[in-house]
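Chemist: Since the structure of chain A is provided, determine the placement of chain B on it from the hints.
Here the protein sequences line up with chains A and B, keeping their order.
Residue numbers for the first sequence follow UniProt numbering, beginning at 1 and rising by one.
Residue numbers for the second sequence follow UniProt numbering, beginning at 1 and rising by one.
Simulated from the structure, these hints should not be mistaken for laboratory data.
Mixed in with the good hints, there may be bad ones.
Chain B is faced by these chain A residues, among others (derived, beta-carbon under 7 Å) [as the list claims (entries may be wrong)]:
1) G5
2) L12
3) L27
4) A384
Even for Gly, the Cβ is constructed at its ideal location relative to N, Cα and C.
This is what each chain is made of:
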Amino acid sequence: MAVTGRLGLLALIGAVVPIVLPSWWTLAGLWGVLLAGVAVDLALAGNVRALRLHREGDASVRLGETARVSLIVENTGRRRVKGRLRDVWPPSAGAAGPRAVRLDVPAGERRRIETTLVPTRRGDRQAVTVAIRSSGPLGLAARQLSRRAPWTVRVLPAFPSRRHLPAKLAKLRELTGQHVAQIRGQGTEFDSLREYVDGDDVRSIDWRATARRREVVVRTWRPERDRRIYLVLDTGRTSAGRVGDIPRLDCSMDAALLLGALASRAGDRVDLLAYDRRVRARVEGASRTDLLPAMVRAMAPLEPELIESDAAGMVSTLMARVRQRCLVVLLTELNPAALEEGLLPVLPRLTARHLVMVAAVADPRVGEMAAARGDLAAVYDAAAAERARADRRRLTAELRRYGVEVVDAPPDEIAPALADAYLALKAAGRL
Amino acid sequence: MTSTLTPDAPDAPPSSGGGAEPTAGQVARRRWRASRGVLAVVLAVVAVAVILAVLRPGAAEQDLDPQSPGRGGTRALAEILRQRGTPVAVSRSAADAAERATAGSVTVVTWSGRLTRADIDRLRSIRGDLLLVAPTRRVLHALAPGVEKAGTSFEKTDEPGCALRAAALAGKVRFGRSETYLPPSGATACYRDEGKPRLVQVALDGGARTVTVLGSPFPLTNEFLDDEGNAALAMNLVGARSSVVWLIPDLPEPGSGSGDATLGDLVPFGVKLFFLQLVLAVAAVAVWRARRLGPVVAEPLPVVVRSAETVEGRARLYRAHRARGRAADALRAGARERLVPLLGLPRSAAQDPNAAQEVVAAVAERVRAAGAGAPPGAAPTGTFRTGPDGRLLYDEATIGAALYGPEPADDAGLVWLSDVLDDLERQVRQS
Numbered sequence: 001m002a003v004t005g006r007l008g009l010l011a012l013i014g015a016v017v018p019i020v021l022p023s024w025w026t027l028a029g030l031w032g033v034l035l036a037g038v039a040v041d042l043a044l045a046g047n048v049r050a051l052r053l054h055r056e057g058d059a060s061v062r063l064g065e066t067a068r069v070s071l072i073v074e075n076t077g078r079r080r081v082k083g084r085l086r087d088v089w090p091p092s093a094g095a096a097g098p099r100a101v102r103l104d105v106p107a108g109e110r111r112r113i114e115t116t117l118v119p120t121r122r123g124d125r126q127a128v129t130v131a132i133r134s135s136g137p138l139g140l141a142a143r144q145l146s147r148r149a150p151w152t153v154r155v156l157p158a159f160p161s162r163r164h165l166p167a168k169l170a171k172l173r174e175l176t177g178q179h180v181a182q183i184r185g186q187g188t189e190f191d192s193l194r195e196y197v198d199g200d201d202v203r204s205i206d207w208r209a210t211a212r213r214r215e216v217v218v219r220t221w222r223p224e225r226d227r228r229i230y231l232v233l234d235t236g237r238t239s240a241g242r243v244g245d246i247p248r249l250d251c252s253m254d255a256a257l258l259l260g261a262l263a264s265r266a267g268d269r270v271d272l273l274a275y276d277r278r279v280r281a282r283v284e285g286a287s288r289t290d291l292l293p294a295m296v297r298a299m300a301p302l303e304p305e306l307i308e309s310d311a312a313g314m315v316s317t318l319m320a321r322v323r324q325r326c327l328v329v330l331l332t333e334l335n336p337a338a339l340e341e342g343l344l345p346v347l348p349r350l351t352a353r354h355l356v357m358v359a360a361v362a363d364p365r366v367g368e369m370a371a372a373r374g375d376l377a378a379v380y381d382a383a384a385a386e387r388a389r390a391d392r393r394r395l396t397a398e399l400r401r402y403g404v405e406v407v408d409a410p411p412d413e414i415a416p417a418l419a420d421a422y423l424a425l426k427a428a429g430r431l
Numbered sequence: 001m002t003s004t005l006t007p008d009a010p011d012a013p014p015s016s017g018g019g020a021e022p023t024a025g026q027v028a029r030r031r032w033r034a035s036r037g038v039l040a041v042v043l044a045v046v047a048v049a050v051i052l053a054v055l056r057p058g059a060a061e062q063d064l065d066p067q068s069p070g071r072g073g074t075r076a077l078a079e080i081l082r083q084r085g086t087p088v089a090v091s092r093s094a095a096d097a098a099e100r101a102t103a104g105s106v107t108v109v110t111w112s113g114r115l116t117r118a119d120i121d122r123l124r125s126i127r128g129d130l131l132l133v134a135p136t137r138r139v140l141h142a143l144a145p146g147v148e149k150a151g152t153s154f155e156k157t158d159e160p161g162c163a164l165r166a167a168a169l170a171g172k173v174r175f176g177r178s179e180t181y182l183p184p185s186g187a188t189a190c191y192r193d194e195g196k197p198r199l200v201q202v203a204l205d206g207g208a209r210t211v212t213v214l215g216s217p218f219p220l221t222n223e224f225l226d227d228e229g230n231a232a233l234a235m236n237l238v239g240a241r242s243s244v245v246w247l248i249p250d251l252p253e254p255g256s257g258s259g260d261a262t263l264g265d266l267v268p269f270g271v272k273l274f275f276l277q278l279v280l281a282v283a284a285v286a287v288w289r290a291r292r293l294g295p296v297v298a299e300p301l302p303v304v305v306r307s308a309e310t311v312e313g314r315a316r317l318y319r320a321h322r323a324r325g326r327a328a329d330a331l332r333a334g335a336r337e338r339l340v341p342l343l344g345l346p347r348s349a350a351q352d353p354n355a356a357q358e359v360v361a362a363v364a365e366r367v368r369a370a371g372a373g374a375p376p377g378a379a380p381t382g383t384f385r386t387g388p389d390g391r392l393l394y395d396e397a398t399i400g401a402a403l404y405g406p407e408p409a410d411d412a413g414l415v416w417l418s419d420v421l422d423d424l425e426r427q428v429r430q431s
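The following block holds chain A by itself, in its conformation from the complex:
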């Protein structure tokens, strides 16, 4: 039940009456009339329980884009329901427009109410409830009820680096098509024989074929297809740090999506694992066409956990799932404390069987601080930033000693940098 402003207004106007007729009876009569009006309204207001609610519309939306969800209100009662309706969403669902809308559904009819959502964060956004206030004919009181109308909008990562994809694909075509590898590597396969031209490596001459054909013939190689790439997202505490205004995890996801898209086009199999102390998300064995949607769906609800990542557990999980050699791309942060105590001791187990690449998002703020000059505070800032960069360099050098590829780039460059590193590995046949 709810009363309206009209009741208050009438009570206010009614305050003049006792001045003219000063008696307790006046007051009693006044409230008698008002409360009778309230009772009439409550008795004659449309029945909210008789409304049938269901929804349709977008079930998923990219972060930063607009989702439309319709609420269909069907009146199965005998009386018209007139009043206000509020479709309650959590704040981060970004419901636009007025808080509550007018509702007027005659008996037996249905109305559609559109809600526009511009979510501000990744993850699942669930409709909380639908609050309906059905006013009586006098407009003094209303029946109010919250009704459930469940709906979930999954807010997917924005994937802003997909604009880099065409350029990287062009590079990939160059690699696999026209440009044939001359060097035989671990990740190359025999492609064809062709005539020797000036500049070809003499080591690639196929003597047997040359003897048969009586002209010099060289073998060509091409990067091998169907290699396996395992993307590992670290969702531990270091992924919660914000670079600019975006959590490091979101930058890592963006880079992982670009690499996934590129690698699947290159004919490689891509798997995804999100891990901190346990498996948070996993995409395995997705087909080429389904890979990107599957990755995006798996990433959507991921949030950074404020716990130290368990590198040993991550390596064990990985080793248990993957038998064949593959490229393990670890998207984490080059944090000395976390890596030296966590990853480095278990890294040999991983590098013994797999090729490992570590991708880390560098904070441009550290670069700004390192360039700061002028007063004492700025110089101390610069010194601290230099110290941080030295730590990072030391860690990078140490990782490289284990044979790990390291990609360290600011947030807007990490995705293309990681793609380039992958293409370089592929070109060198190291996959």
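Modeler: Frame of chain A, contents of chain B only:
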């Protein structure tokens, strides 16, 4: 302190991007538009109040004063009475009136609103008859027991319609605006308007004395004395006994007992009900506003940790502890790290103390090639070698002190060191 310090520019022109900011005139116009409605209502209220105050019949100080020849005065009546041999004694206080009154006198009580409770008590035991002219409710209750106020009559003239001799002799009387009363049984009631009399006479002490209540002062005043039977009524009422005591009390002294009526006694019952109703109306409005349409939605918020926070924290720690040595080491290590690749030396040389000589020599050579530009500012004495013109010499000793030197002696030394390192790096890059 240093040349890189940018001075604050007080005469800097204001930013040209101020187009979005409204001008003072626009702000004033907007405020005027927003407030003119309220202003109009306030002005209307003031105007109505002024008009009501002007239209309200005001009471002048000399009204009903037997010494006043003004319109509202009663000098004419007093003179007539004196000529007819009835002395009129004017009293300015109740005590004086009680003293002058005798068993054969009539005490005319005017301006009864000015009487204090003590005054009323004194009048209650007064000797002789009482004539109350338009008394207040309080005086009426105390001095004319049983007579109640009924309302107000605006009927101008009226016939007596009663057995009271004074009224019967006077006949038709012009009253103007007058109070009306509810007489007790046994009282004489005259000049009825809709059954409610304007003149009531009550006999007290078994008929020994009478109290007469006259609802309007107009029949006694100079202005209306010659209208209809006014003079006759006045003469008969006032001059019925051997002497007249005309009580026209002065304003009571502050604190003389007049303030013992509480606000509650003074406020009419209707106004009390009005305020009660106001409270109830406000409560109704509060109930209306208090009822939410739908619940408050809570949701877990993401952690906001800036990634560079640890670096900034370390900078503050350096500053708090004046860790010039550590800061200088960090800055030097960073500069060496960037210089070494430019010099064509192996990267490992950057942090290797044994390679110091080699690095310094290479830097000195490149700086000489660049033309040994001017270093910033004046050097702190004792640390670096300066030329005859007081400027720094970029020889090997100076470069060695900059890249591998001891801890700066003070804060200025640290800031200066950072500038020298920048300068060296710039020169090596340019050479």
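Chemist: Going back to the hint list, which numbers does this structure go against?
Modeler: Failing hints: none at all.
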